[in-house]
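Visitor: Chain order of the listed sequences is L and A.
Per the working numbering, the very first residue in the first sequence carries number 7; after that it's consecutive.
Per the working numbering, the very first residue in the second sequence carries number 7; after that it's consecutive.
Mixed in with the good hints, there may be bad ones.
Residues from chain A that face chain L, not an exhaustive set, calculated with beta carbons under 10 Å [said to hold, decoys possible]:
{"no.": "1", "residue": "L94"}
{"no.": "2", "residue": "I96"}
{"no.": "3", "residue": "E102"}
{"no.": "4", "residue": "P114"}
{"no.": "5", "residue": "K117"}
{"no.": "6", "residue": "A118"}
{"no.": "7", "residue": "I122"}
{"no.": "8", "residue": "E125"}
{"no.": "9", "residue": "R126"}
As a list, the in silico DSSO-like pairs of lysine-lysine whose alpha-carbon atoms are at most 27 Å apart [unchecked claim]:
{"no.": "10", "chain 1": "A", "residue 1": "K103", "chain 2": "L", "residue 2": "K107"}
{"no.": "11", "chain 1": "L", "residue 1": "K152", "chain 2": "A", "residue 2": "K15"}
{"no.": "12", "chain 1": "L", "residue 1": "K200", "chain 2": "L", "residue 2": "K234"}
{"no.": "13", "chain 1": "L", "residue 1": "K116", "chain 2": "A", "residue 2": "K116"}
{"no.": "14", "chain 1": "A", "residue 1": "K116", "chain 2": "L", "residue 2": "K112"}
{"no.": "15", "chain 1": "A", "residue 1": "K152", "chain 2": "A", "residue 2": "K198"}
{"no.": "16", "chain 1": "A", "residue 1": "K112", "chain 2": "L", "residue 2": "K116"}
{"no.": "17", "chain 1": "L", "residue 1": "K15", "chain 2": "A", "residue 2": "K152"}
{"no.": "18", "chain 1": "L", "residue 1": "K198", "chain 2": "L", "residue 2": "K136"}
Worth flagging that the hints you see were computed from the coordinates, not collected in a lab.
Built from N, CA and C at the ideal position, the CB exists for glycine as well.
Protein chains: 2
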Amino acid sequence: MNGGKHFAKGSQKPELPDDGMLRLYSMRFCPYAHRVHLVLDAKNIPYHTIFINLTDKPEWLTEFSALGKVPALQLTTDEGAPALIESLIIAEYLDEKYPEKPLYPKDPLKKAQDKILIERFGAVVSPMYKVFLSGNEPGTLLEISKGLDIYEQELRSRGTPFFGGDKPGMLDYMIWPWCERSEMLKYLLDDKYKMDEERFAQLLKWKDLMINDAAVKSFYLNGETHAKYMRSRREGHADYDMLVNTSKRQRTC
Amino acid sequence: MNGGKHFAKGSQKPELPDDGMLRLYSMRFCPYAHRVHLVLDAKNIPYHTIFINLTDKPEWLTEFSALGKVPALQLTTDEGAPALIESLIIAEYLDEKYPEKPLYPKDPLKKAQDKILIERFGAVVSPMYKVFLSGNEPGTLLEISKGLDIYEQELRSRGTPFFGGDKPGMLDYMIWPWCERSEMLKYLLDDKYKMDEERFAQLLKWKDLMINDAAVKSFYLNGETHAKYMRSRREGHADYDMLVNTSKRQRTC
Chain L
7 MNGGKHFAKG SQKPELPDDG MLRLYSMRFC PYAHRVHLVL DAKNIPYHTI FINLTDKPEW
67 LTEFSALGKV PALQLTTDEG APALIESLII AEYLDEKYPE KPLYPKDPLK KAQDKILIER
127 FGAVVSPMYK VFLSGNEPGT LLEISKGLDI YEQELRSRGT PFFGGDKPGM LDYMIWPWCE
187 RSEMLKYLLD DKYKMDEERF AQLLKWKDLM INDAAVKSFY LNGETHAKYM RSRREGHADY
247 DMLVNTSKRQ RTC
Chain A
7 MNGGKHFAKG SQKPELPDDG MLRLYSMRFC PYAHRVHLVL DAKNIPYHTI FINLTDKPEW
67 LTEFSALGKV PALQLTTDEG APALIESLII AEYLDEKYPE KPLYPKDPLK KAQDKILIER
127 FGAVVSPMYK VFLSGNEPGT LLEISKGLDI YEQELRSRGT PFFGGDKPGM LDYMIWPWCE
187 RSEMLKYLLD DKYKMDEERF AQLLKWKDLM INDAAVKSFY LNGETHAKYM RSRREGHADY
247 DMLVNTSKRQ RTC
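Take the sequences, apply the hints, and build the full model.
Guide: Below, the structure is given as structure tokens:
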């Protein structure tokens with residue numbers, strides 16, 4: 007799942023087998039699409055991935071995703087139904103449609119509280135992306151840490167290794183894409199960022215456990231790779247096919 | 007439910023009876039809070055309303071709503087639990103917790119499609135608020151109409167009076183606060199806006215039916231009243247207590 011060329015403007019529509027499997031329109035480095043990969047993988051739902059070049063979108067994308075957005079999930083069993091969009095809506099749909107290995111808590115209150123924590127993670131994501139895209143500005147790293155305090159506190163009060171209990175649940179997977187990407191801070195800021203080991207003791211343990219989770223592993227990229235992509239984006243030519251090209255180069259070496 | 011003074015900075019915390027009833031922190035003219043009033047009223051769930059002055063928030067608000075936001079729903083039965091925030095999260099919580107008279111469709115796909123339509127209503131809300139707050143600019147009214155086309159189309163293809171079928175469902179209630187407020191366009195733009203009766207035939211019928219729905223009625227304000235509030239907000243002194251003061255004045259007349 008780490009490779010796959012991105013379909014761009016002018017490309018032929020991919021011909022996929024008529025096997026009734028879900029089709030996920032995605033972009034390899036999009037954290038929102040990442041969320042959906044995690045849910046599908048955690049629930050062992052088979053699916054096809056169609057990676058999309060978001061700078062030069064293929065003309066046929068709007069047939070499946072009205073707004074040309076990714077992630078978009080196409081349900082091939084539902085003739086004529088447009089693809090589902092919005093990562094959280096897709097995630098909750100999958101959790102309801104495939105009730106084995108539920109990811110959201112059953113209790114409506116606990117579920118609502120997890121959703122609020124997913125929503126509030128925006129307070130971490132915004133300053134993090136500011137640093138990713140424009141470098142560090144005074145106070146931005148502090149803002150990230152302040153945002154993370156709530157999650158450290160929450161893990162402590164839950165007293166479980168994951169937010170979902172003894173295994174990752176929806177909250178774990180929904181915030182993971184940005185936690186994985188936080189590793190690129192040390193590459194983009196030349197080792198100037200390190201999470202305080204005491205202040206974030208539980209979160210750091212959680213991060214180690216998450217990296218070893220099967221669903222996380224199957225789509226994982228290290229900080230250096232994320233940073234390489236981010237640099238290409240900063241320079242105005244997002245290198246969507248970086249992994250495909252890299253593995254080709256490796257093969258020819 | 008139309009009145010109620012807004013608690014401001016320096017005000018005493020309201021003393022409410024220990025009756026186990028839900029407590030909704032709200033603001034009389036906030037469309038997001040309006041959503042929660044509609045769900046509570048549609049499901050006949052009893053609750054106390056505490057109106058909040060959002061310009062000068064009472065110091066004690068953060069005890070209940072960590073981010074000082076409204077709507078916030080406090081569950082008095084759940085000792086120590088912070089209030090729930092975010093209108094859509096609260097709405098879904100209420101629909102799950104109080105399953106009688108369900109508002110979301112049971113089918114996960116239909117539910118996801120309704121959620122996408124709730125999300126996409128942002129394409130109507132943004133230009134509408136631009137007009138509310140800064141007046142009309144070229145293209146903004148066209149943008150509203152273009153956003154509404156999807157909903158007209160959807161009602162036509164569903165072939166039912168409401169998005170929810172023969173009675174309003176979650177999609178109906180979640181977009182209603184802005185549909186009710188759209189009536190103020192004629193006051194704010196001196197009758198220069200009128201919905202095209204042919205283009206929006208089904209939506210206009212739907213609007214008439216919605217106004218007669220019991221839940222909608224119980225929190226309804228006409229366009230002139232909304233416009234009066236909006237003018238006060240434009241002028242920099244949002245008149246939260248406009249309805250209380252008006253009814254007092256009426257009483258003394």
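Visitor: What are the numbers of the hints that this structure violates, sorted from low to high?
Guide: The structure breaks none of the hints.
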